[in-house]
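First to last, the sequence lines map onto chains A and B. Per the working numbering, the first sequence runs over residues 2 to 179. Per the working numbering, the second sequence runs over residues 108 to 465.
One thing to keep in mind: the hints can contain errors.
[What the hints assert, rightly or not] Cross-link-like lysine-lysine pairs, in silico, DSSO-like; alpha carbons within 27 Å at most:
(1) B:Lys-300 with B:Lys-310
(2) B:Lys-149 with A:Lys-158
(3) B:Lys-300 with A:Lys-31
(4) B:Lys-110 with A:Lys-154
(5) B:Lys-149 with B:Lys-310
(6) B:Lys-149 with B:Lys-110
(7) A:Lys-154 with A:Lys-80
(8) B:Lys-310 with A:Lys-154
[To be verified] Restraint-style ranges between C-beta atoms, simulated for each label pair:
(9) A:Ser-87 with B:Asp-464: 30 to 40 Å
(10) A:Glu-144 with B:Thr-335: 35 to 45 Å
(11) A:Gly-157 with B:Tyr-308: 47 to 57 Å
(12) B:Ala-176 with A:Glu-29: 45 to 55 Å
(13) B:Thr-137 with A:Arg-84: 45 to 55 Å
(14) B:Cys-406 with A:Glu-144: 24 to 34 Å
(15) A:Gly-157 with B:Ile-111: 15 to 25 Å
(16) B:Asp-396 with A:Gly-157: 52 to 62 Å
[Stated by the list, open to error] Short derived list, chain B residues pointing at chain A, Cβ under 7 Å:
(17) Ser-109
(18) Leu-282
(19) Met-283
(20) Pro-285
(21) Leu-288
(22) Arg-292
(23) Glu-323
(24) Ile-367
(25) Asn-443
(26) Asp-446
By construction, these hints were calculated from the structure, which means they are not laboratory data. Here the structure is a predicted model, which is why all the values come from computation and not from measurement. Virtual Cβ for every residue (Gly too), placed ideally from N, Cα, C.
Each chain, letter by letter, is given below.
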Amino acid sequence: MIRILLAGQGGQGVLSAGRFLAESGLHEGKEVSYLPAYGPEMRGGTANCAVIISEEEIASPLCTVPDVLVALNSPSFHKFASRVKSGGIIIVNGSISDSYAGRDDVSVYDIPANDLAIEAGDVRAANMVVLGALVALTHMVEEHSIINCLREKFVGKQNVFASNERAFRLGIAAVAQK
Amino acid sequence: MSKILLHGTEAICEGAIRNGCRAFFGYPITPQNEVPEYMSVKMPEVGGVFVQAESEVAAINMVYGAAGAGTRAMTSSSSPGVSLKQEGISYIACARIPCVIVNVMRAGPGLGGIQPAQGDYFQATKGGGHGDYHLIVLAPSSVQEACDFTYRAFDLADQYRVPVMILADGMIGQLMEPVELPPMRDLSEIPEKDWATSGHYGKERRVLNSLIIKPEELEPHVNALQETYNEIYRNERRALSYRTEDAEIVLTAYGTPARIVKSAVNELRRRGVAAGCIRPITLYPFPDDAFAACAARSCTKAFLSVELSLGQMVEDVRLAVNGKKPVYFYGRTGGNVPDEEEIVRAALDALERAEADQ
Numbered sequence: 002m003i004r005i006l007l008a009g010q011g012g013q014g015v016l017s018a019g020r021f022l023a024e025s026g027l028h029e030g031k032e033v034s035y036l037p038a039y040g041p042e043m044r045g046g047t048a049n050c051a052v053i054i055s056e057e058e059i060a061s062p063l064c065t066v067p068d069v070l071v072a073l074n075s076p077s078f079h080k081f082a083s084r085v086k087s088g089g090i091i092i093v094n095g096s097i098s099d100s101y102a103g104r105d106d107v108s109v110y111d112i113p114a115n116d117l118a119i120e121a122g123d124v125r126a127a128n129m130v131v132l133g134a135l136v137a138l139t140h141m142v143e144e145h146s147i148i149n150c151l152r153e154k155f156v157g158k159q160n161v162f163a164s165n166e167r168a169f170r171l172g173i174a175a176v177a178q179k
Numbered sequence: 108m109s110k111i112l113l114h115g116t117e118a119i120c121e122g123a124i125r126n127g128c129r130a131f132f133g134y135p136i137t138p139q140n141e142v143p144e145y146m147s148v149k150m151p152e153v154g155g156v157f158v159q160a161e162s163e164v165a166a167i168n169m170v171y172g173a174a175g176a177g178t179r180a181m182t183s184s185s186s187p188g189v190s191l192k193q194e195g196i197s198y199i200a201c202a203r204i205p206c207v208i209v210n211v212m213r214a215g216p217g218l219g220g221i222q223p224a225q226g227d228y229f230q231a232t233k234g235g236g237h238g239d240y241h242l243i244v245l246a247p248s249s250v251q252e253a254c255d256f257t258y259r260a261f262d263l264a265d266q267y268r269v270p271v272m273i274l275a276d277g278m279i280g281q282l283m284e285p286v287e288l289p290p291m292r293d294l295s296e297i298p299e300k301d302w303a304t305s306g307h308y309g310k311e312r313r314v315l316n317s318l319i320i321k322p323e324e325l326e327p328h329v330n331a332l333q334e335t336y337n338e339i340y341r342n343e344r345r346a347l348s349y350r351t352e353d354a355e356i357v358l359t360a361y362g363t364p365a366r367i368v369k370s371a372v373n374e375l376r377r378r379g380v381a382a383g384c385i386r387p388i389t390l391y392p393f394p395d396d397a398f399a400a401c402a403a404r405s406c407t408k409a410f411l412s413v414e415l416s417l418g419q420m421v422e423d424v425r426l427a428v429n430g431k432k433p434v435y436f437y438g439r440t441g442g443n444v445p446d447e448e449e450i451v452r453a454a455l456d457a458l459e460r461a462e463a464d465q
């Protein structure tokens, strides 16, 4: 069982990234749960979601102590970094956040997600960059499962699909360079 | 059939539509807005009716009318909105009209907050409106159950001619999980209602009414309702017990907190504490038999009710345990949800208190 907490600002695609992850797990025949938490705002405010992927039945859908934290901005990085399980992983959007977690029992990956998303052709795809990094680090789902979800989601929007896929692959590559 | 990923709110809608719901009336309120949103798209597709009413009061009375005419009808709201519906629910219960009411609970009292809570247990199970009546109350704890229980709710409502409430917490509404959807039921399979005010067409005159002015007529009517509730109590109590056979401490919770409690039970077992839990599925009728069975075991030292309230279901637990064992309580409010470790600590504390009190 792996518990992931994805957090950021409303509008950064935190919830979409979580859904891609959960959908991919489902397509691979695993047990999944996805629990979002967000304020009343469409943009701004805070958004996070807990995604659990497991081989067995999932009891609690909460993610109080995540195995992995994916933080898309600085406030969520600092809010949740202390909660990550000892030995866990933190992926932080280095383009707009520092990466000092104040502890040395977790592995922190500083991924310049906004910069890589711009390189991929769409700054809004920063969520896909960190998702790429997450999949490359944990192998919790297959790369092609995420790509299939993207294709399904952006059917008829070839350009959007292409930039998101590029962003996802840049995220994978960013981890390989670390 | 393969599973699909759905929100709890969407699963509720699918459960309803697939068992013949063809009329939905609602008014927006967080955290259940996805229910009317989904219904507004789906109802026209299946030839049903969707109305965004001018208020919750109007919506429940539209249910009264549509269900009275024999259609399977539903309304949905969240705590403050469900309070507004109580007058209508009491009328519907008195007129013996089957329908389904969904409450995706948020934190109260008052307008409260929009995060998950379970503070409406009393309102749902003890009769939130006036007079001697009950609803059947079902408490889903997964997205699959949100679908299955809503599907089942329509059959229960028709069978007993009582309104059925789906009492979910805000977490179930937002949670996404894989769901296997039941097949779409053919409307012709649903038993005909020989009491419905579905038009005269040469039939005998039918009346559905909740005004029964003569005491000598109202008392037998209320007694007949009570007989139905007794029958429901005998037939429909449901609970799931987990590792209670040798449990020293029996935890209990319903809805999503029941899943956190289950995780806590597993953690307590890992630490060598014989813990188990009971998850009520029907809140009315309350599954007192499951609790009585545990209370009768010599291994069981204490019960602990865990709720997103300041102690409501715990009263029914105490009635069921009937003084045989101490019953303790742990609750959070305001939209806060206890984590596994908090519940583990509460359970250890309850065991300690039970031993000290002996």
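Outcome of the hint check:
no. : hint                                 : result
1   : B:Lys-300 with B:Lys-310             : holds (13 Å)
2   : B:Lys-149 with A:Lys-158             : holds (25 Å)
3   : B:Lys-300 with A:Lys-31              : violated (43 Å)
4   : B:Lys-110 with A:Lys-154             : holds (18 Å)
5   : B:Lys-149 with B:Lys-310             : violated (33 Å)
6   : B:Lys-149 with B:Lys-110             : holds (19 Å)
7   : A:Lys-154 with A:Lys-80              : violated (31 Å)
8   : B:Lys-310 with A:Lys-154             : violated (53 Å)
9   : A:Ser-87 with B:Asp-464: 30 to 40 Å  : holds (37 Å)
10  : A:Glu-144 with B:Thr-335: 35 to 45 Å : violated (57 Å)
11  : A:Gly-157 with B:Tyr-308: 47 to 57 Å : holds (49 Å)
12  : B:Ala-176 with A:Glu-29: 45 to 55 Å  : holds (47 Å)
13  : B:Thr-137 with A:Arg-84: 45 to 55 Å  : violated (26 Å)
14  : B:Cys-406 with A:Glu-144: 24 to 34 Å : violated (51 Å)
15  : A:Gly-157 with B:Ile-111: 15 to 25 Å : holds (21 Å)
16  : B:Asp-396 with A:Gly-157: 52 to 62 Å : holds (55 Å)
17  : Ser-109                              : violated (9 Å)
18  : Leu-282                              : holds (5 Å)
19  : Met-283                              : holds (4 Å)
20  : Pro-285                              : holds (5 Å)
21  : Leu-288                              : violated (14 Å)
22  : Arg-292                              : violated (25 Å)
23  : Glu-323                              : violated (54 Å)
24  : Ile-367                              : holds (4 Å)
25  : Asn-443                              : violated (12 Å)
26  : Asp-446                              : holds (4 Å)
In this structure, the earlier hints numbered 3, 5, 7, 8, 10, 13, 14, 17, 21, 22, 23 and 25 are contradicted, and the remaining ones agree with it.
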